[in-house]
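Asks: Between the sequences and the hints, there should be enough to build the whole structure, so can you do that?
Residue-level listing of the chains:
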Amino acid sequence: MNLRFVLLVAFAIATAALAAAFDYGLQPQKIAEGTYVLIGKTEDFSLENGGNIQNVGFIVTSAGVVVIDTGPSKRYGEQFRAAIRKVTDKPIVKVLITHFHPDHFLGNQAFTDVSLAALPATIKGIQAMGGPFADNLYRMCGDWEAGTEPVVPTVAQVGGVETIGDHTLEYIALAGHTDGDLAVFDRTTGVLFAGDLVFFERAATTPHANVAAWLDSLKRLREVPYKKLIPGHGPVVSDARAIDQTGTYLEWLDVTLRGAAEKGDDMAEVMARPIPKQFADIPLVQHEFTRSVTHLFPALEQQALAAGK
Amino acid sequence: MRWWCLCLILVAPAAIGAETKDPLDSARWEEMRKQFFPGERVVFDDRVKVSAPKFAEDSMNVPVTVNADGLRDVQEIVVFADFNPILKVLEFYPDRAKPFLGFRFKLQQASPVRAAAKTSDGVWHVGGAWVDAAGGGCTAPGAGRAAAGWEKMLNEVSGRVWSAPDLSRRVRLRVMHPMDTGLAPGIPAFYIEQLVLRDNRGTSYIRLKTFEPVSENPVFTFDLPAGTETAGPLVLSGVDNNGNKIASTIKP
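First to last, the sequence lines map onto chains Z and L.
Just so you know, the first sequence maps onto residues 0 to 308 in numbering that gives the first Met the number 0.
Just so you know, the second sequence maps onto residues 0 to 251 in numbering that gives the first Met the number 0.
Any given hint might turn out to be false.
Listed next, the in silico DSSO-like pairs over lysine-lysine satisfying Cα-Cα at most 30 Å (straight line) [claimed, not checked]:
hint, chain 1, residue 1, chain 2, residue 2
1, Z, Lys-262, L, Lys-250
2, L, Lys-33, Z, Lys-262
3, Z, Lys-262, L, Lys-48
4, Z, Lys-262, L, Lys-208
5, Z, Lys-276, L, Lys-87
6, L, Lys-53, Z, Lys-40
7, Z, Lys-276, L, Lys-53
8, L, Lys-97, Z, Lys-262
To be clear, the hints were calculated from the coordinates, so they are not data collected in a lab.
Replies: Below, the structure is given as structure tokens:
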């Protein structure tokens with residue numbers, strides 16, 4: 000065995016390992032007629048998961064494929080598109096972005112030949128924050144994000160009903176998790192893509208949240224006669240458990256932070272509070288609670304201080 | 000007997016090490032000791048409790064409480080962060096307050112944040128915690144800079160007092176100020192240097208010397224023990240490094 004052979008084998012192993020390292024292993028799961036989801040890990044962004052922490056999906060209609068969210072990176076977008084191609088050779092006719100958070104739209108680069116649609120507030124958010132978001136994910140996920148650049152959707156989506164081939168889709172324009180949260184209800188199959196208005200078995204995130212508006216949006220989603228609900232993060236459900244969990248957690252968060260501000264707690268003291276038993280087992284709840292105090296407490300604190308004058 | 004001697008040899012260096020070895024294992028500790036406590040006695044002490052999040056969700060606003068209530072006769076508390084470009088955050092003199100303080104500060108990168116409490120015997124008692132940060136807390140301009148008219152609100156104070164059944168009081172206050180570090184391009188250092196909270200007879204509860212790393216529009220939390228209450232409002236006064244005065248009263 001000469002040295003050149005050894006080097007060649009070593010090189011081949013290293014290349015294979017590297018290729019495997021950047022393979023998201025995407026496996027679309029069929030959850031209804033023509034309807035597929037790709038469920039991400041209920042984790043925070045990391046070098047290990049490459050940012051694959053969110054759910055995306057697609058609907059194969061007789062007129063072509065509708066894609067809902069594109070994932071956290073250029074690589075993800077490309078692998079997602081390849082995974083769709085394995086299911087159907089129908090063209091992709093529409094891509095809907097549910098909101099402006101990076102794990103939901105940074106795969107857009109793989110879909111630039113298709114009309115990319117999002118609520119106006121989402122378009123505005125991606126314009127303003129796309130660059131910093133991509134930089135931040137590169138910092139957390141490393142080379143999984145190689146070559147990722149934000150692509151701003153060009154079609155302003157409005158709420159309403161649209162028939163695409165043999166599916167009738169209802170676009171529900173909401174807000175609360177961000178300034179623009181699009182839910183997509185497929186009336187043909189009864190599948191509701193809730194975006195990040197609903198988290199399940201993964202603590203809700205609040206960096207751009209308006210909790211009161213969010214709770215209103217959940218009320219609206221409860222009225223939807225869905226058979227299956229795809230949360231933005233966490234497993235698919237066929238009942239109200241996911242909406243209930245998100246709703247009760249947000250209500251607790253709101254009451255807790257308001258109460259703490261009103262009784263004069265310092266922000267660091269609020270962060271040190273224990274999580275109630277009811278929520279303690281939700282993955283990442285401690286982490287997200289710390290983040291949420293940072294996002295939401297200063298405004299409540301200021302109201303409480305103003306009341307003292 | 001021989002066995003007993005061996006134990007003594009093993010235990011003794013460990014005991015000495017516990018007093019001098021930095022529990023936060025920071026490469027900068029020896030430098031901090033030289034800079035902040037030259038020639039003075041320093042001990043690491045769990046009774047100086049520094050509470051901060053493990054990571055900075057917002058590098059411009061890292062919330063911290065320091066509680067040295069387990070120590071007797073605290074004269075002064077100094078807060079600093081080993082890896083910040085400007086090390087010292089503040090000096091706190093709890094004249095008639097509990098040795099407790101809440102505040103927020105800007106963190107440029109992962110660093111220990113430390114509080115050193117000086118007791119009347121001249122010994123510095125040091126506690127601290129690591130905070131991870133993505134970076135940029137000190138060299139980015141403050142958010143308020145982007146809003147028009149921030150200067151009209153300069154040095155405005157909002158504050159509130161909460162009285163407990165045992166007559167101890169909590170005071171929280173916010174002062175509107177950009178607290179510019181001088182490290183963001185094109186923006187010179189502009190920060191509050193001093194705040195004093197007094198009763199209406201002019202006797203101080205606390206004195207604070209603040210430095211560039213304190214957060215924009217800073218919010219502070221103090222605790223006043225029972226027996227320090229007087230009729231009339233609390234009086235806050237202060238000054239920034241441009242000579243602008245801060246003057247406000249807070250109703251009890």
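Asks: Look at each hint and say if it fits the structure.
Replies: Structure-based check of each hint:
Of the pairs offered as hints, the one joining Z:Lys-262 and L:Lys-250 holds, with about 16 Å between alpha carbons and a cut-off of 30 Å not exceeded. For the suggested pair L:Lys-33 and Z:Lys-262, the alpha carbons sit about 41 Å apart, so the restraint of at most 30 Å is broken. Among the hinted pairs, Z:Lys-262 with L:Lys-48 is consistent with the structure: their alpha-carbon atoms are about 22 Å apart, no more than 30 Å. In summary, the hint linking Z:Lys-262 to L:Lys-208 is supported, as the alpha carbons are separated by about 27 Å, within the 30 Å threshold.
At most 30 Å may separate the alpha-carbon atoms for a hinted pair to count; Z:Lys-276 and L:Lys-87 exceed this at roughly 39 Å. Of the pairs offered as hints, the one joining L:Lys-53 and Z:Lys-40 holds, with about 23 Å between alpha carbons and a cut-off of 30 Å not exceeded. Using a Cα cut-off of 30 Å, the hinted pair Z:Lys-276 and L:Lys-53 holds, with the two alpha carbons roughly 22 Å apart. Between L:Lys-97 and Z:Lys-262 the alpha-carbon distance is near 18 Å, which keeps this suggested pair within the 30 Å criterion.
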